[in-house]
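Protein sequences appear in the order of chains A and B. Quick note on numbering: the first sequence equals residues 0 to 275 in numbering that gives the first Met the number 0. Quick note on numbering: the second sequence equals residues 0 to 207 in numbering that gives the first Met the number 0.
It is worth saying that the hints were derived from the structure and are not from the lab. All C-beta atoms, glycine included, are put in the ideal place defined by N, C-alpha and C. It is possible that part of the hints are untrue.
Chain B is faced by these chain A residues, among others (derived, beta-carbon under 8 angstroms) [as the list claims (entries may be wrong)]:
| no. | residue |
| --- | --- |
| 1 | 159 |
| 2 | 198 |
| 3 | 222 |
| 4 | 257 |
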Amino acid sequence: MSRAATLPSHQRSRGGASLRFEVARGATRLADLHQASPMRILFPEPEPGEPPLAALVNTAGGLAGGDAVEVGIALGPGAEACVSTPAAEKIYRSLGAETRIAARLEVEAGATLEWIPQETILFDGARLSRRLEADVGADARLVMAEMLVFGRHARGEALHAGSLFDSWRLRREGRLVWADGTALDGALREPLDSPFGFDGAEACATLVLLAEGPLEEARDALRAEGMAATILRPGMLILRWLGRAVPVRDGLGQAIRMLRARVLGRPSSLPRLWTC
Amino acid sequence: MGAYTYSHGLEAAVEEGAVTRRDDLVAYVATALRDGAGRVDGALLAAAHRALAAGKARALDAVAELGAAWRGTPETALEAEAQGTAFLNVTLAAWPEPRLAAFVARHPRRIPHAVAFGAAAAAHGVPLRDAAFGYLSAFAANLVSAGVRLVPLGQTDGQVATAALLPVVAAAAEAALTADLDRIGTASPALDLFSIRHETQYTRLFRS
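Next comes chain B alone, as it looks inside the complex (with noise of 0.2 angstroms):
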């Protein structure tokens, strides 16, 4: 899903002398788990769960309808509907099922990747909670991985990372369970404000 490609604005954070330590990168990635499209993509992810295992298409449709309009910025926007239309085209290739083809094909290419996440795993029975986990988990990963690359440091830190942010991932999932749509937002203005400034950063080695 090209996953590695995305850094949600650390980039610019890094470049900016905000990200130098790998303390300043545990605030980073928990802010936005907590605070962030973490928050934005749990709700998300659990309402597209919930109305594809219910078999409600429309509710499902206007899940789709608000996660893509719930754009940040322009580079956070394509992180999601870019790897949301590639691990849709994974999935279904490799797990071919006709609920998330039909919405997929209502949708085509406008599915950001919480959501396409949510559906899938309803539609192999994959439960809620244990997919919201898995979510978040692995956009915290991915934001470790882009960490040490960027700051750099070493495989040690990055696991020690990793480690630290599991109570903050786990307590996101349970987040993601009890949200409420119709309530949602962030708290986290400043990520924000790195991604559009990653747009016109000299040096990237990073789509977001």
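So here's chain A without its partners, still in its complex pose (with noise of 0.2 angstroms):
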């Protein structure tokens, strides 16, 4: 055996989480909960008139090249939450391997879910691999948001190596409604900094709404606070955001608080974990 196959490898994270929350005696209540450091869900009291929160926390702080977490989120027939972190999510610069991060949400008929994670940041140097799936019942509504921050922007960070593969998958009643991804490897400032790829832009975030029922309302209030809101087919709504990180999470929270209001029949604010 050489030498190099004895030596140990750098240990890494392999976490994850994963909720059920049903409806029980009249209100969406935990029904099941498993964790595995890193990954750990909290449960902060939320505000009058707000469904259960579930706040996810990763206690490393971050995460390296070689990490894989899961996260699984399922809400029974009419269980209502939302999901969101107390903080960004932070992707190491990596050795080689990628960070891999699969998140899987069901929910079920009637049931309402907000995933709505606050950004990611790619240090320079990382290497992301992100698996989105949802599956969504008759019925039910699912806002899902995600913001991805090339690089660390307030220390004058720019993403210039790494890599990114980030992939969207979203079924309703089984059927594939939605297919997205990105993909970023190489040569990163020349797509980052392309007039007609990223634009330089700081950031990126991407939103989608599935709820039955017309939605130009909801779009054109949207558009009406100039963001790029479009129905890509009946009930489904999505925005996209490019630029500057501060403008685009600010926009990104306007929104989220525009189809609570709109939408969701919910108050028109964010959880508080966005804004302390």
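Join these two chains into a complex; the hints should help.
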């Protein structure tokens, strides 16, 4: 055996968390919870009028190359919940291996889920592979948003090296209704700076809303605020942002607040996790 | 197939002043080929070609399902679906082929253009490399033609742009041959934003 083969590799995290909410005795209640380090799920007391809030916490503070985490969120029929994070997720520079994140959302008939984590920051040299999957049942509603930041801009760092593979797959009643993906590798500044690629943006964000019923009024209200909102197919609205990190984050927060009030019938506010 | 009615967001880019010269047009189309729809369409075309050639109907159906769900914007989805449907109608009328007819019958009006083209090419024995190059060069030529009308540019500038894009088309076709549909993604969100803003553009000549 060669000496190299006997050396321990860096210890890497393989964690995850999953939960299931069910309606019982007239209210959404936690029915199942599993968590493996570094992922933890906390349940801050929701504000009055708010559904249960689950806060995904990465106790390691960030993810490195070779780390893999899986998150599973399931809502039983009619359940309502919001899932967010108390801070930005950080993806550290990798020595070669990808950081892998997988999230699977199951929203059963008549349930409403908001998946609105705070932004994910790609440090220079990060290699992230992320797969987001959602299965939405009849009359169920899903707001799903993700924001990516290219480098630690607060420190003046831009993303020069690394890779990103980001895959979204949404199914409604078993049928694939949306597939989307971003793939960046190699010389990253070229696509990041190209006026027809990322146009020099520090950050990008995507929000998807699946909700049966007409969405034209919500789309037009978002457009009136200058947002790029469009109805991809009946019952499916998407918004995209590209630009400096602060306005992208502000725009995403504003869109979530507007959709909560106009479509979900919830207060026009963000979880306190986002603002404190 | 009415390709001339689609600009793939270029009409909005011209309106907003992001494409004003021949070099801008080349950069726009090169990004669409290398990092945008060209990347995804090339991978879909190759997967459809291989599935039909191998007689794997379920694999072909999965490619059609993925292609139909891959919609960056409503207008680019219309572009892909309407041209796919028109292409299949013409192809089946002029060159009937039972495997292609069975595929179309299973997915009425929802086979995107690249999947339709890949499957039809395989059904008629057109090699994959030729099919990918043909499809992507037609995509590029159509966008150049739209740019010549929109910017506007002279016919010579149009030909110069087409020539400049030839190596990009060839590279995109080669990339399609080795693409893994499970790892496919774009890197051109600005093109999606042009396409979204095109929906509300005041004066429009094009459907996308």
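Tell me the hint numbers this structure goes against, listed in increasing order. 1 and 4
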